[in-house]
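Chemist: Starting from the known structure of chain A, arrange chain B on it as the hints suggest.
Protein chains in written order, with this note's numbering: chain A, 1 to 115; chain B, 116 to 226.
Since the hints were derived computationally from the structure, they do not count as laboratory data. Ideal placement from N, C-alpha and C gives every residue a C-beta, glycine not left out. Take every hint as true, because none was put in to throw you off.
Restricting the straight-line Cα-Cα distance to at most 25 angstroms, the calculated cross-link-like pairs of lysine to aspartate or glutamate (DMTMM-like) are:
no., chain 1, residue 1, chain 2, residue 2
1, A, K69, A, D95
2, A, K49, B, E141
3, A, K102, B, E141
4, A, K102, B, E174
5, A, K102, A, E64
6, A, K22, A, E8
7, A, K102, B, D200
8, A, K77, A, E8
9, A, K77, A, D9
10, A, K102, B, D186
11, A, K102, B, E137
12, A, K58, A, D95
Listed next, with one range per pair, are the computed distances between beta-carbon atoms:
no., chain 1, residue 1, chain 2, residue 2, range
13, A, S70, B, N145, 33 to 39 angstroms
14, B, D186, A, K69, 36 to 42 angstroms
15, B, E141, A, S28, 31 to 37 angstroms
16, B, G142, A, S86, 28 to 34 angstroms
17, B, P133, A, Q71, 46 to 52 angstroms
18, A, A14, B, Q170, 48 to 54 angstroms
19, B, P176, A, P79, 42 to 48 angstroms
20, A, L96, B, S132, 37 to 43 angstroms
21, A, P7, B, D186, 38 to 44 angstroms
22, B, A154, A, A5, 15 to 21 angstroms
23, A, E8, B, S135, 33 to 39 angstroms
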Amino acid sequence: AQSVAQPEDQVNVAEGNPLTVKCTYSVSGNPYLFWYVQYPNRGLQFLLKYITGDNLVKGSYGFEAEFNKSQTSFHLKKPSALVSDSALYFCAVRDLGTNAGKSTFGDGTTLTVKP
Amino acid sequence: SQTIHQWPATLVQPVGSPLSLECTVEGTSNPNLYWYRQAAGRGLQLLFYSVGIGQISSEVPQNLSASRPQDRQFILSSKKLLLSDSGFYLCAWSRMNTEAFFGQGTRLTVV
Numbered sequence: 001a002q003s004v005a006q007p008e009d010q011v012n013v014a015e016g017n018p019l020t021v022k023c024t025y026s027v028s029g030n031p032y033l034f035w036y037v038q039y040p041n042r043g044l045q046f047l048l049k050y051i052t053g054d055n056l057v058k059g060s061y062g063f064e065a066e067f068n069k070s071q072t073s074f075h076l077k078k079p080s081a082l083v084s085d086s087a088l089y090f091c092a093v094r095d096l097g098t099n100a101g102k103s104t105f106g107d108g109t110t111l112t113v114k115p
Numbered sequence: 116s117q118t119i120h121q122w123p124a125t126l127v128q129p130v131g132s133p134l135s136l137e138c139t140v141e142g143t144s145n146p147n148l149y150w151y152r153q154a155a156g157r158g159l160q161l162l163f164y165s166v167g168i169g170q171i172s173s174e175v176p177q178n179l180s181a182s183r184p185q186d187r188q189f190i191l192s193s194k195k196l197l198l199s200d201s202g203f204y205l206c207a208w209s210r211m212n213t214e215a216f217f218g219q220g221t222r223l224t225v226v
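So that you can see chain A by itself, here it is in the shape it has in the complex:
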């Protein structure tokens, strides 16, 4: 079984400050981890992924995430937040051994960046 937890429903930061959106996961095998962003009434857009290699992954729009195997975490970060980063963020995990490439999504974290 695989699962994802996003412990914060809401994250508020001021524009220009660093941001972190937290994610922890559980899989029986090796994880394949993703972050997606969703704007109102739109589909999800892919931001970045980790499968293997460097624990620090860089993605779209200046976002990055750090894979920590011992803490089973994959937190999303950005050094300087923009108002336009305000959106709903989803972490997802896929067990590399599963069929059909099914991903399990967290419940989402709403990021609000204030000017």
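Modeler: Leaving out everything else, chain B in the frame of chain A:
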């Protein structure tokens, strides 16, 4: 490049009426296809997935069904809608080693 089309964008249907939502993918072959439902702007619930034509797996018991009549076509259906079927429905595709690519979603309101 690959694209995914999902329609309609919004739909208002009376209780007891049928439903058909369609999703098509372009620019790739033999994709894995998924239908998700998102309630109240929060988490995604996987409803159905398909690894090939005619192959449908249901993740949760419900009033909905899915079909894949062609390689790149995925249809979500219901014979009689319930109020509880209201929500935001998302179609997506992926391969085993790629991220998922989502359609723009259908906002279904059952009245």
